[in-house]
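S.K.: Sequence order for the protein chains is A and B. Note that the working numbering has the first sequence beginning at 1, numbered continuously upward. Note that the working numbering has the second sequence beginning at 1, numbered continuously upward.
Simulated from the structure, these hints should not be mistaken for laboratory data. Treat the hints with caution; some may be incorrect.
What the hints assert, rightly or not - Dumping the calculated EDC-like pairs for lysine to aspartate or glutamate here, alpha-carbon to alpha-carbon at most 16 Å:
no., chain 1, residue 1, chain 2, residue 2
1, A, K234, B, D81
2, B, K36, B, D190
3, A, K234, B, D79
4, A, K113, A, D357
5, B, K253, B, E292
6, B, K286, B, D241
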Amino acid sequence: MSATDAASQDRGVPEPAFGFWRRSYAMLVKEFIQLRRDRVSFAMIVMIPVMQLLLFGYAINTTPRHLPTAVLIQEDSDLARSVLKALENTRYFRFTREVHSVAEFDELLQSGKVLFGVEIPRGFERAVRRGDRPALLVAADATDPVAAGSALGTLGAVVQTALAHDVHIGDPPQLPFEIRAHARYNPAAESRLNIVPGLVGTILTMTMLIFTALSVTREIERGTMESLLSMPIKPVEVMFGKIIPYVIVGFIQASLIVSIGVLLFGVPILGSVTLLALLTTLFITTNLSIGYTFSTIVQNQLQAMQMSMMFFLPSILLSGFMFPFAGMPVWAQYLGEALPLTHYIRIVRAIMLKGADPSNLQYDTIALIVLMLVAMTIAVTRFRRTLD
Amino acid sequence: MNAAPASAPDIAINVEGLSKSFGGREVVHDLSMQVKRGSIYGFLGPNGSGKTTTIRMLCGLLTPDSGEGTCLGYDIRRDADKIKRQVGYMTQRFSLYQDLSVRENLEFVARLYGLRDARSAARDMIQRIGLNGREEQLAGELSGGWKQRLALGACTLPNPRLLLLDEPTAGVDPKARRDFWNEIHALAADGLTVLVSTHYMDEAERCHEIAYIAYGHLLAHGTVDEVIAKSALSTWTVSGDDLNGLAAELAGKPGVDMVAPFGTSLHVSGRDKAALEATIAPYRDKRGWRWEDSEPSLEDVFIDLMNRSKDNFQ
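Whenever a hint applies, use it, and build me the whole structure from the sequences.
M.R.: See the structure below:
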């Protein structure tokens, strides 16, 4: 058969002009219509970029100031007060607690209630007058090197400037006392020591959310929900049945991440492994409950994924994982408190790097439990028992 | 099995004035029906007539906007949980888990209903529905007929007292359809009540009682004979040559409500017997056609009901 024959046979069904563009256009119109009908997705198109940008543009601060600081004053003197004032004037520190014993001082640092501690020793002023150069201890929780670093780095110079016109000690070439900065828990300021425990929580947040966020919508989209609802099962039972398998999956994942962290990155576990396992399981369950709640709210799997993203991004940015929590504005801190990752990151850093015990972690543990119960309650009430 | 607190123990379903709207459109309107215990009740009507909605209201999957009633003696509004325990519902679309095997699906159902030995219950059911050899096959890979058997097996597994079957035989071949109905009759003989919706007239005739629903209204109910008798439709069967021409000529004439070809004959029907006979009189003596005064078929009755309801409700 020659080429002309084939061409003449094709003439039976003429190819429309611009066929490629017409068909592409038809597809494009259809996609737009479907997108417009999917209101939640449509809202997300605007919400995700605007919200995230505003949120993070204002909330993130890599050189945090006004960090919560405890003061241990062993001497009440003019010089001591001047030094404290000078420290506060650097704007890096905000004195939130005044303690009177070393034990109290240590407990505050270990539980993460303060990031810094300043200790003014007994006989400080006298020693200065004598020219003994006594030591002023500034202890920092250096588990997050970013938060502690900038404050510690500029300490000497800033204090000297602040003191110069306040104390009549002339303008000596150096401070009449020594500032002994003590970076606790992570003296070498290795960021991996801080990042790896945080990663445990971040990875778990992402995987756990996705596991359950799709669970109810999948039943609806595959049509199996109709059968399921016609059988005698209660919303709570559906929820537990869908969450529990993934608690085990999450636990295996967590063990894997922690093992790699310890073996490959040399991150220590100073605290109790059992406590870590227990609270990690709680954290996993909290995330699964939240994911499950999403799946009872959304209408399809795309929306479920988008909602998980909406939750995941703030979790990374506002939980203290990437940027110092204490450096965020107060409203962002409140937002952060509502995220399970914030609490878990405190827990996991405290157990692995500071060797914290349960009494240090009460607040964050209770917060995780509360978040879990709130999510479960919403899920159970949102779960529709009928097809109405 | 629990004794139901029914006032009338021989009535399985007793509902009064059920209505349901979706988005302002009334799908079921003021529907009342009674189904006797141990009977096979056929639910007929065109697509979108409200059959599925009614069935879902009966088993608690939908809440009626108004109306009330009992299912197995339990209030359909308040006792949905108790109803679900004793009702097997087979959905129109296959709604078991496609990614579970036959055995796993049945075991899931058995466990959900709290059967003591889920494994052996599933095994027995596989035997009963003739799926042995396919236990480990994924449900999604089964053919239409096998899927339907599996679905029936799953909803009879917990020994329900009432079966609600929503177009169970749609898209199933005639042999499988016949086997299916034999099974339904066997179950009914054991005392099970069956409510089955269908499009097929031959299936309607296999039911003890039928109800016809169109545009959300229940238009007729009773035994097949009662429904035909109540229709007050007169039908003449014509056989002979050029029936197409005759059909075209008769359609729309006074007294002729419906002309429908049935194989090699033609059904000419009308509700006004006298008018119909007056109209066909001139044709009756013509050569080549044989006229016979006959019973309307169930299909004639239904098409007539549908035509009339269209006038009323659309």
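S.K.: Determine for every hint whether it applies to the structure shown.
M.R.: Here is how each hint holds up against the structure:
1. At roughly 9 Å between alpha-carbon atoms, K234 of chain A and D81 of chain B fall within 16 Å of each other, so this suggested pair holds.
2. This hinted pair checks out: K36 of chain B and D190 of chain B have alpha carbons roughly 14 Å apart, not beyond 16 Å.
3. Taking the CA atoms of K234 of chain A and D79 of chain B, the gap is near 13 Å; set against the 16 Å cutoff, the hint holds.
4. A threshold of 16 Å between alpha carbons decides the hint, and for K113 of chain A with D357 of chain A the separation of about 14 Å falls inside it, so the pair holds.
5. A hinted pair counts as satisfied when its Cα atoms are at most 16 Å apart, and K253 of chain B with E292 of chain B does not qualify at roughly 19 Å.
6. Of the supplied pair hints, the one linking K286 of chain B and D241 of chain B holds, its CA atoms being roughly 11 Å apart against a limit of 16 Å.
This entry does not satisfy hint 5, going by the numbered hints stated previously; all others are met.
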